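Undergrad: Residue-level listing of the chains:
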Amino acid sequence: MNARQHFGRAAEEAAARYLIRHGWRLLGRNVRIGRGELDIVARRGPVLAFVEVKARRTRTCGAPEDAVGALKRRQVAHLAELWLAARPWALTGVDDVRFDIIAVDSGAFPTTIRHLPAAFTLDG
Amino acid sequence: MLASIASEALSGLDGKPVQVEADVVAAAPAFYIVGLPDVAVQESRERVRAAIVNSAYSFPSRRITVNLAPADLRKEGPSFDLPIALAFLVATGQAADGCDGRGPLAAVGELGLDGTLRPVAGALALAESLRRRGVRGLILPAANAAEAALVVGLEVYPARTLAEAVAQLAAGGCAAAPPADLTVLLSGPPAEGADFADIMGQEQVKRALEVAVAGAHNVLMSGPPGAGKTMLARRLPGIMPALTLDEAIEVTRIYSVAGLLPQDHALITRRPFRAPHHTISSPGLVGGGGTPRPGEVSLAHLGVLFLDEFPEYRLSALEGLRQPLEDGEVTISRRLMSMTFPARIMLVAAMNPCPCGYLGDRERDCTCPAHRVRQYSSRLSGPLLDRIDLRLDVPRVPPRDRRSGAHAEPSATVRARVAGARERQLARLAGTGEYANAHMSARHLRRLCTLDGDATALLDRAYERLRLSARACDRVIKVAQTIADLEAAPRINSAHVAESLSYRIRSHHDR
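Protein chains in written order, with numbering that gives the first Met the number 0: chain A, 0 to 123; chain B, 0 to 510.
No false leads were slipped in.
Now the stretches of chain A that chain B is said to cover, found in silico as 3 or more residues with beta-carbon under 8 Å:
1) 78 to 84
2) 89 to 102
3) 112 to 122
Derived by calculation from the structure, the hints in this document are not laboratory data.
Bear in mind that the values here come from a model prediction, so they are computed numbers and not experimental data.
We put the beta carbon where it would ideally sit given N, CA and C, even for glycine.
Sequences and hints are given; from them, build the entire structure.
TA: In structure tokens, the structure reads:
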């Protein structure tokens with residue numbers, strides 16, 4: 000595992016702790032489906048969220064959440080559909096399904112974590 | 000959770016029913032609109048989303064599928080914003096459809112991001128179509144209410160915002176707009192802007208125009224620049240008989256569909272006067288576009304279409320006028336649809352006699368070479384000129400006439416005479432479906448127009464001497480009939496024929 004992967008893993012760890020602290024139950028972490036990966040799948044009450052974690056060391060290339068581009072969004076949305084298709088029971092009691100972004104920003108001090116609920120949808 | 004709201008799509012001057020269905024389920028979030036929507040309908044998603052959030056409703060993260068049925072009819076424009084938002088709110092349990100047992104309400108309207116409702120084009124046509132199908136009522140933007148209220152037998156529920164529309168729907172329609180008082184709308188002051196009395200001299204031309212209007216004959220005026228051709232033309236709607244209620248609604252519907260209805264006028268009560276510039280394209284003049292829209296001929300329906308610098312128009316545009324002039328309507332065909340717009344116009348064309356404008360002038364010499372003059376007038380095709388009954392020379396006004404115009408007749412006096420002549424025509428043409436002499440067919444002409452002995456003799460002489468064609472001869476009789484109608488004469492006499500002939504024999508552009 001190289002330094003870059005370490006940094007990413009640490010950010011995912013921070014995001015997971017953040018979600019648990021806020022009452023979410025984690026249904027999956029680093030869920031590999033084919034060649035893709037869903038960072039976090041979490042559930043809180045009637046809400047099921049697919050969470051993409053993005054971390055940045057500096058602000059020179061903009062905020063971390065802006066780095067989740069159209070391609071990544073489509074990819075996450077597609078993986079989520081596959082995940083749901085394999086687990087029909089996962090939707091029992093669920094009202095809302097969301098795609099969230101958790102931005103871990105080391106460019107600011109201290110490191111901040113921002114949770115952006117319903118950051119994007121299947122249609123962009 | 001499924002919900003459905005009735006709406007209406009504009010198709011030409013008519014409406015077609017559209018059912019807006021919304022399905023909201025827990026699944027990967029998305030907002031899809033299906034049912035052959037165009038770009039404006041696709042963009043509706045962003046307007047609806049923002050309007051719902053900014054009206055203090057919630058927009059849950061679910062899969063929303065909106066279907067506009069029937070799926071084979073192309074849906075255009077922003078008027079589905081309101082029914083989509085209402086169907087969504089009902090499907091998510093944030094609004095109630097209170098129409099149970101009373102027949103559903105339809106909805107149309109464009110949403111702003113803050114939830115305000117913006118007016119849509121063609122509200123009158125949509126309302127009429129809904130009424131014909133027996134729909135009980137319509138929720139629509141308040142700015143369209145006066146226009147839709149012209150339709151008798153349809154409840155009109157205005158709303159200024161999405162929240163008000165939701166309240167209307169929940170109550171199954173409350174606070175209906177009062178039906179329009181048609182007699183008040185129609186009897187408003189005619190607001191004469193330009194009067195015939197403003198024009199000094201030109202008594203002969205005015206007389207000829209009076210004849211033209213009385214019989215709905217098309218006119219071509221020819222004269223040097225500044226002689227007053229445009230001034231005269233602008234005053235023609237003022238001497239035409241007032242629009243009847245049905246006519247006013249017909250004109251209003253066209254303007255409503257074209258999106259040209261002024262905000263403060265629910266009903267157009269004055270005859271249209273359209274003067275498109277000579278650079279106008281053929282679709283602009285006769286109507287057209289991917290989804291056909293009415294052109295200038297239709298916007299001039301029941302009024303005057305004034306074409307200044309007549310030979311300067313594109314040939315395709317001029318030739319496109321032939322069908323509407325003949326049939327009183329325009330049919331535009333496209334791959335998926337064919338639409339007919341009414342276009343019963345009085346064509347008033349004006350031209351200079353030659354490119355420099357002074358051919359035949361008493362005081363100034365024409366500087367055009369002969370071939371240029373020929374070229375200029377040859378742009379007007381025979382079939383087109385054939386549809387023009389009167390050709391007038393409009394000379395420059397001599398100085399003494401310019402000063403002594405005080406006794407010129409006001410438009411109202413002329414209009415009264417024209418109205419009388421129209422009544423007599425209507426009585427004679429009863430059963431033919433026409434209302435004016437200009438539209439008489441050759442068969443009706445033989446049957447309905449009676450010439451006395453002198454008139455027949457004069458016409459026969461003219462036929463030979465002037466080498467008139469049979470059709471030109473018919474046209475002379477039609478105009479003579481109108482002149483007789485203006486005088487309330489029972490039959491056409493030689494004076495009527497003589498005057499009619501004088502509108503026929505015009506030097507330059509008559510080949």
